[in-house]
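As given, the protein sequences belong to chains A, B and C, one line each in that order.
For the first sequence, position 157 (counting from the first letter as 1) is numbered 157 according to our numbering, and the numbering increases by one without interruption.
Each position in the second sequence, counted from 1, maps to that position plus 1000 in our numbering.
Each position in the third sequence, counted from 1, maps to that position plus 2000 in our numbering.
It is possible that part of the hints are untrue.
Each computed DSS-like pair below joins lysine-lysine, with the alpha-carbon atoms no more than 30 Å apart [claimed, not checked]:
(1) Lys-1135/B with Lys-1111/B
(2) Lys-1176/B with Lys-1120/B
(3) Lys-1135/B with Lys-1120/B
(4) Lys-1176/B with Lys-1222/B
(5) Lys-1111/B with Lys-2282/C
(6) Lys-1009/B with Lys-1222/B
(7) Lys-1135/B with Lys-1176/B
(8) Lys-1176/B with Lys-2282/C
(9) Lys-2080/C with Lys-1120/B
(10) Lys-1135/B with Lys-2282/C
(11) Lys-1114/B with Lys-2282/C
(12) Lys-1135/B with Lys-1114/B
(13) Lys-174/A with Lys-247/A
What the simulated footprint calls covered on chain C by chain A, stretch by stretch (three residues with Cβ under 8 Å from a Cβ of chain A suffice, anywhere in the stretch; the number is not a length) [unchecked claim]:
(14) 2043 to 2052
(15) 2138 to 2152
(16) 2223 to 2234
(17) 2245 to 2253
(18) 2256 to 2267
Chain A side only, calculated, beta carbon under 8 Å to chain C, not exhaustive [as the list claims (entries may be wrong)]:
(19) Val-16
(20) Leu-26
(21) Leu-28
(22) Gly-98
(23) Ile-110
(24) Val-113
(25) Phe-123
(26) Leu-125
(27) Ala-128
(28) Leu-205
(29) Leu-231
(30) Val-233
(31) Met-235
Just so you know, these hints were derived from the structure itself, not from any lab.
C-beta: ideal position from N, C-alpha, C; glycine also.
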Amino acid sequence: MATAVVRNVIAERRIVIVCRLVLFALLLAGWEFYGRFVSDVWSSRPSLILARLWTWAGDGLLLHIATTLTEMACGLLIGAPVGTLLGLVLGRLPVVAGLVRPIIFGLYSIPLVTLAPLLIFWFGLDLAPKVILVSIVTFFLLFFTTFAGVQTIDRELIENYRLLGASRSEVIRKMIAPACLAWILSGLKIALPYSLISATVGEMLLARAGVGFLLMYASQQIDITGMLSALTVLMVIGVTIGEAANKLERRIMRWRLLVA
Amino acid sequence: MANGQELLKLEGVSKAFERDSGAIMALAPTDLSVEREEFVALVGPSGCGKSTILNMVAGLLRPSEGRLTYDGRPVDDLNLRVGYMTQRDTLLPWRNAGDNIGSPLELSAHKTSKSERDEKIHRMIELVGLQGFEKHYPGELSGGMRRRVALARMLIYNPETLLMDEPFGALDAQLKLVMHDEIQRIVGIGRKTVLFVTHDLAEAIALADRVVVFSGRPGRVKTVREIDLPRPRDVFRIRFAPRFTELHEELWDHLQDEVNRD
Amino acid sequence: MAYVARDSEESLVAGAARAPRRAMPGEGRLSQFLTSRGGRLFGQFVIVAVLLALWEVGSGIFLPRLWVSAPSAIVAQLYKWFSDGSIWVHLTATISSAALGYLIGAIAGVATGLLLGLSTRVEAIFSPFIVALYSLPKIALAPFFVIFLGIGIESKIALVAVTVYFLLLYNTLDGIHDLDRGWASAYRLMGANRREIVRQVMLPGIMPWVFSGLRISVRYAFTAAVFGELIAGNRGIGYLIEDSAGNFSSSGIFAGVLALVVCSVGATQIIVGVERAVLHWKT
């Protein structure tokens, strides 16, 4: 609960940051201590993980990261345009949309991860099945954003704009196009973390490269340090794309302001 | 109605809000005192700090400068002796009208037995004319009905001072008059002190013992006027009294500058 | 501050689910028929029937049947599993690990959300950790659970619980952020103490968010359970799918996915029913 008392905001922020650092340091130190002096068989320890990451860095870690990122990027590049296009088209065709939309919904209720074995069965163990899994997920999310977006364009608003003397091309350039861009960006923001999950899932099931593969490979050796190292890499990728997504969102906000 | 005893006192009270772009002055240093059982209406353009004054009296905000006392003591925590009807209603959407009205009586601070509570709710529902809507959720009520639920919720636990922020803004003209009549009666019977914020000058004159006109941005007191209309007032007809018209014209001159400036 | 885009997926889907516009008069008799309720159902039935028929007929001609199976083969597979009763052990395994994990994760998630959300400072301290954990695909924890808990149901329950835990944690925290500040202020002015505010304002106030979390989580609970079974296990729908893939039986994969969808959609409907009953005040 926020108290009515106006707090000194700066002092509060300082307290919070100090607490965070202390907590983080304590966590790592406690873990290190436990691993060093009690047992690191099941828990590994931060210094070992760092050392492992260092070894990996000189030994193909970048290749694995690149593999995962490539799968995500290709999947996004395939899934996003298709989803956007279908969303735009169905958004303008209410009768067809009324028929097709529930079917697309039905398909979306399939837990998409479970398609991974099928895709691997069809396309083997290299990039293709992961790319396709990512593109399926992206397709759905972009379809939903664009379709919902098209519905929000107010016909009356367009008509008013045209009454003000805007030409058809101006309506498209100044209203529809910026709005579309905003939907696509917000769809991408949501799709980014999902693309990482999908790529990882594909790699964990069957692969020869990728961060998910690293994780599974380590787990088959019961190499806890390796597993935690792979997990750290995943988390860093995740935080990075999360930040990228936030940047996108800020851009969306600016677009929204321009559109409104 | 006032009995000469000072209840609320603002001495040089001002309020500035910190924003990224720097401090924004909402209320310039203001002096104002309100006597016990006095009905004071605050009138002025939007953004003149009227609501800020209510928030400070309720203890939800601290003055940036100056001294604000209630019954002789500085308000430095929540002021539990006031009932506050905010501009935006704060009814709980998952409680029906009756339960919302009765909610203060469920708190340990005003603990009341179930039967007594039900009876009081029933009386309040009648008072604000919501018979038949007890079981409706706020989402199912019109804006005017929600205002009346909020009013009933404030009155049911009988706070000493009532703070009302545009309580009847959303009501249609007829209903507004009915509510004016009610509020005047309730305040008279309960011997309440009232701080009443409104845009509507006629409403302010019809109800108040004293009208304070504010100028906008930052808010400052422009003029204070005693309303010497005799009580009890017939809110339905008072508008046609010559004295009312005089007061209205006089205050309108002050207010008009502000409105035009907007 | 809201955490990440965790709820957006749902709001998007909800936005896209809005009822489509009815056909305007004079838009043609066919489109008028197709926008009526019955007509729409009929149209959908036709589309699905045509797609299934194309799949059935085309399978083996355009693409090898071994790869794409066919609707009849999938139904036959399901029929076989049900008639010899072999599917029950798998269904039970998946449903019970999903349900148990869901229960544990949901309770723990809401509880943690409340504990953190009660104090702005505590939440501010923990928020970077929460955000970092959000970015981590929870499914990647599966091999840890397998190593620590074995290939039995425990590791699946743990994976489901962790997945659901975070979803509910984020939803609870967002629910607390989204609470109308005015409610608490009004209650405090009416003389409510902290406990009364928590019980009468906060807990009921976050319910819409908690339920939206519960609703989305069902799907992820089943996904996590099945993924756990895909990674390691000897029973469950995931195992069935993996086993079918190993035997080059695409019919088995499709049949497994279909069974899973039925479970997940059915369970979601149960949650939706509970939600409607509890949040009946929402109009």
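Comparing the hints with the structure gives:
1. Lys-1135/B with Lys-1111/B: holds, 22 Å
2. Lys-1176/B with Lys-1120/B: holds, 23 Å
3. Lys-1135/B with Lys-1120/B: With Cα atoms ~16 Å apart, Lys-1135/B and Lys-1120/B stay inside 30 Å; holds.
4. Lys-1176/B with Lys-1222/B: holds, 27 Å
5. Lys-1111/B with Lys-2282/C: The hint holds at about 29 Å.
6. Lys-1009/B with Lys-1222/B: Judged against 30 Å, a Cα distance of about 17 Å means the pair holds.
7. Lys-1135/B with Lys-1176/B: holds, 23 Å
8. Lys-1176/B with Lys-2282/C: holds, 29 Å
9. Lys-2080/C with Lys-1120/B: Violated. Lys-2080/C to Lys-1120/B sits at ~67 Å, over the 30 Å cutoff.
10. Lys-1135/B with Lys-2282/C: holds, 14 Å
11. Lys-1114/B with Lys-2282/C: This hinted pair holds, its Cα atoms lying about 26 Å apart.
12. Lys-1135/B with Lys-1114/B: holds, 17 Å
13. Lys-174/A with Lys-247/A: holds, 23 Å
14. 2043 to 2052: holds (count 4)
15. 2138 to 2152: That given contact holds, which follows from 9 residues of the region 2138 to 2152 of chain C lying within Cβ reach (below 8 Å) of chain A.
16. 2223 to 2234: holds (count 5)
17. 2245 to 2253: Since 4 is at least three, the answer is holds.
18. 2256 to 2267: holds (count 6)
19. Val-16: Because about 4 Å separates Val-16/A from the closest Cβ in chain C, which is inside the 8 Å limit, the hint holds.
20. Leu-26: violated, 12 Å
21. Leu-28: Status violated, d = 12 Å.
22. Gly-98: Because about 4 Å separates Gly-98/A from the closest Cβ in chain C, which is inside the 8 Å limit, the hint holds.
23. Ile-110: holds, 5 Å
24. Val-113: holds, 5 Å
25. Phe-123: violated, 10 Å
26. Leu-125: violated, 12 Å
27. Ala-128: violated, 14 Å
28. Leu-205: holds, 6 Å
29. Leu-231: holds, 6 Å
30. Val-233: Check failed: Cβ of Val-233/A comes no nearer than 10 Å to chain C, outside 8 Å.
31. Met-235: Result: holds, 5 Å to nearest chain C Cβ.
Hints 9, 20, 21, 25, 26, 27 and 30, counting from the list given before, are not met by this structure.
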